[in-house]
Amino acid sequence: MAEGWDKEVDVLVVGSGAGGMLNALVAASNRNDVLIIEKAPLWGGSSATSGAGIWIPGSHIAKQAGFDDNLDDAFKYIRGLSADNVPDENIRAYIDQAAPMLKWLVENTPVEYLAFPYPDYHAENPGGSPEGFRTHMPLPLNGRDLGKDVRTLRFASPAASLFGYLNWHFDETNAILYRQPGWFIGLAKSLARYWLDLPFRLTSRKDRRLTLGNALAGGLRMALKEKNVPLWLESPLVELIEADGKVEGAVVNHKGQDIRVKARKGVVLAAGGFEKNAQMREENLPLYPNAAHSGGVTSNTGDSIRAGMAIDADTMNMQSTWAAPVFYVPGEDRGRLSTIERALPGCIMVNQKGERYLNEAASYHVTGQVMARRHKEHGDGSPSWMIFDRKYRQTFPMGPLYPIVPDWFHKKGIRTILKKARTIEALAQKIDIDPSALAGTLARFNENAEKGVDPDFNRGEAAYDRMYGDPRNQPNPNLRPLSKGPYYAMPIYPGDIGTNGGLLTNDKAQVIKKNGKPIEGLYAIGNNAASSMGESYPGAGVTIGPALTFGYIAARHMSGAND
Numbered sequence: 143m144a145e146g147w148d149k150e151v152d153v154l155v156v157g158s159g160a161g162g163m164l165n166a167l168v169a170a171s172n173r174n175d176v177l178i179i180e181k182a183p184l185w186g187g188s189s190a191t192s193g194a195g196i197w198i199p200g201s202h203i204a205k206q207a208g209f210d211d212n213l214d215d216a217f218k219y220i221r222g223l224s225a226d227n228v229p230d231e232n233i234r235a236y237i238d239q240a241a242p243m244l245k246w247l248v249e250n251t252p253v254e255y256l257a258f259p260y261p262d263y264h265a266e267n268p269g270g271s272p273e274g275f276r277t278h279m280p281l282p283l284n285g286r287d288l289g290k291d292v293r294t295l296r297f298a299s300p301a302a303s304l305f306g307y308l309n310w311h312f313d314e315t316n317a318i319l320y321r322q323p324g325w326f327i328g329l330a331k332s333l334a335r336y337w338l339d340l341p342f343r344l345t346s347r348k349d350r351r352l353t354l355g356n357a358l359a360g361g362l363r364m365a366l367k368e369k370n371v372p373l374w375l376e377s378p379l380v381e382l383i384e385a386d387g388k389v390e391g392a393v394v395n396h397k398g399q400d401i402r403v404k405a406r407k408g409v410v411l412a413a414g415g416f417e418k419n420a421q422m423r424e425e426n427l428p429l430y431p432n433a434a435h436s437g438g439v440t441s442n443t444g445d446s447i448r449a450g451m452a453i454d455a456d457t458m459n460m461q462s463t464w465a466a467p468v469f470y471v472p473g474e475d476r477g478r479l480s481t482i483e484r485a486l487p488g489c490i491m492v493n494q495k496g497e498r499y500l501n502e503a504a505s506y507h508v509t510g511q512v513m514a515r516r517h518k519e520h521g522d523g524s525p526s527w528m529i530f531d532r533k534y535r536q537t538f539p540m541g542p543l544y545p546i547v548p549d550w551f552h553k554k555g556i557r558t559i560l561k562k563a564r565t566i567e568a569l570a571q572k573i574d575i576d577p578s579a580l581a582g583t584l585a586r587f588n589e590n591a592e593k594g595v596d597p598d599f600n601r602g603e604a605a606y607d608r609m610y611g612d613p614r615n616q617p618n619p620n621l622r623p624l625s626k627g628p629y630y631a632m633p634i635y636p637g638d639i640g641t642n643g644g645l646l647t648n649d650k651a652q653v654i655k656k657n658g659k660p661i662e663g664l665y666a667i668g669n670n671a672a673s674s675m676g677e678s679y680p681g682a683g684v685t686i687g688p689a690l691t692f693g694y695i696a697a698r699h700m701s702g703a704n705d
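Residue numbers (our numbering): 143 to 705.
The set of hints was computed from the structure by calculation and includes no laboratory data. Don't take each hint at face value.
What the hints assert, rightly or not - Below are the DSS-like pairs computed for lysine-lysine, each with C-alpha atoms no more than 25 angstroms apart in a straight line:
1. K245 - K369
2. K495 - K572
3. K397 - K367
Claimed, not checked - Each pair of labels, with its calculated beta carbon distance range:
4. T345 - Q616: 45 to 55 angstroms
5. R343 - K533: 47 to 57 angstroms
6. A225 - P617: 31 to 41 angstroms
7. A225 - N316: 50 to 60 angstroms
8. G398 - K533: 50 to 60 angstroms
9. D386 - R448: 52 to 62 angstroms
10. D549 - G594: 25 to 35 angstroms
11. R448 - P341: 35 to 45 angstroms
12. P597 - P259: 24 to 34 angstroms
13. P259 - P428: 11 to 21 angstroms
C-beta atoms are modelled at their ideal positions from N, C-alpha and C, and glycine is treated no differently.
Make the full structure from the sequences, and use the hints.
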């Protein structure tokens, strides 16, 4: 051991999300000695709590599904949406390396992905894909193969699981959502499988059938275990160690003691954004000030971003988030992302004046941004209110509120935010909105919805809108009059699922100093780095897709494989 170091490795990875774990796996496969450190007592990061969709243009999987993509179209699409300060080289690196990364991933881990006919969020833009097949979703995995490590895998977020504990796949979600034939039997089998997982069920709430983010994180960890790559929990980064302009390692607090870890080839910052740091939000996010309304995991407090800044690393787009409308249940540690509910027929969103002000069915990023701007400019958008009728209540979920399940059976926090009245005027009084204003808004909406049109906000016209609509509802799957009480209201807030501004990086994922030069030995990926999407959200999977891709690029660069 060299003097002054307590441990030496080739690569030190800070954070155990998907990007960090893939980076570690690629590095280990190139005969590097790798260590992953994780601040929290649970591993998997935000990736494990997510849907784990990844946006990958030109993949071999999409080609097998009959979609022959064009990478120049994909570049044009991202470039047109991304912020001007994002270099072309970064976008091109992502577009060019995403498909090779995915091929490597499925060939070297138990993770399997399918390309979905999920339209790009702005498919009407040049280079966009209304057919989809750029978004890929993981197939379920058996978590028993993780052994005891499954116990410390993060749970899926409440918005991505049933009853807060049952993992499910998108196909199963659709079957239950639209009451497809056999849905009840399928649900009963899933519940039986979960509760009869004995004796494991006696000591853990964890569902060992891994889906979505749990499947991606779990599969990566399985592959890492085969390579004997250690993952230290409850071991936060304290500071980076720099000498002569090069990052040589880091101080890590492990088992209550600060230890100096030398990283011969590099330190990779992959520890997420700063969405749960109230002070950093106040300094950087004037449109999104409330950390409680973020869907990010509680350990994402920007530690590694600040560690980079402490050695003069530059930052970019720190004012930006992956914006989203969220439901907030009192007592929970995060907001619940709203994706599907807003697009379903029989509901509207209004501000505190009782006015519609957006297309409820737009992507969650666009919706979150519009809500935040509305509140900043008019002071009446946070909270806004989701209004829905009896038929919607009986048929579809609304955030944490499940259909079929009686109001009284939901937990107290949900009951406290749910408002209900026999008439729309009475409901308006309960949510402190002028009754005549809300009634007038609803009357106009209903008149147009009966015809299947929305002349005010064009709900149901875009391919993305229709994807989440109810195909049984015609002529517009997103529109139906709210026709019969009782009527319901739930508050919904402009929030986020994470920050996407961070350390400035180049096309090799190297962190850039304020003087414009790369910091040798330091890389940043995922939400530690400023996103190549700028402030946009082009499609499902443009958070984890780049995290994985730049993790792959960084590992290959450290190993000399990109040269």
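Inset, instruction - Run the structure past the numbered hints and jot down the numbers of the failing ones, going up. - result: Those not satisfied are hints 5, 7, 9, 13.
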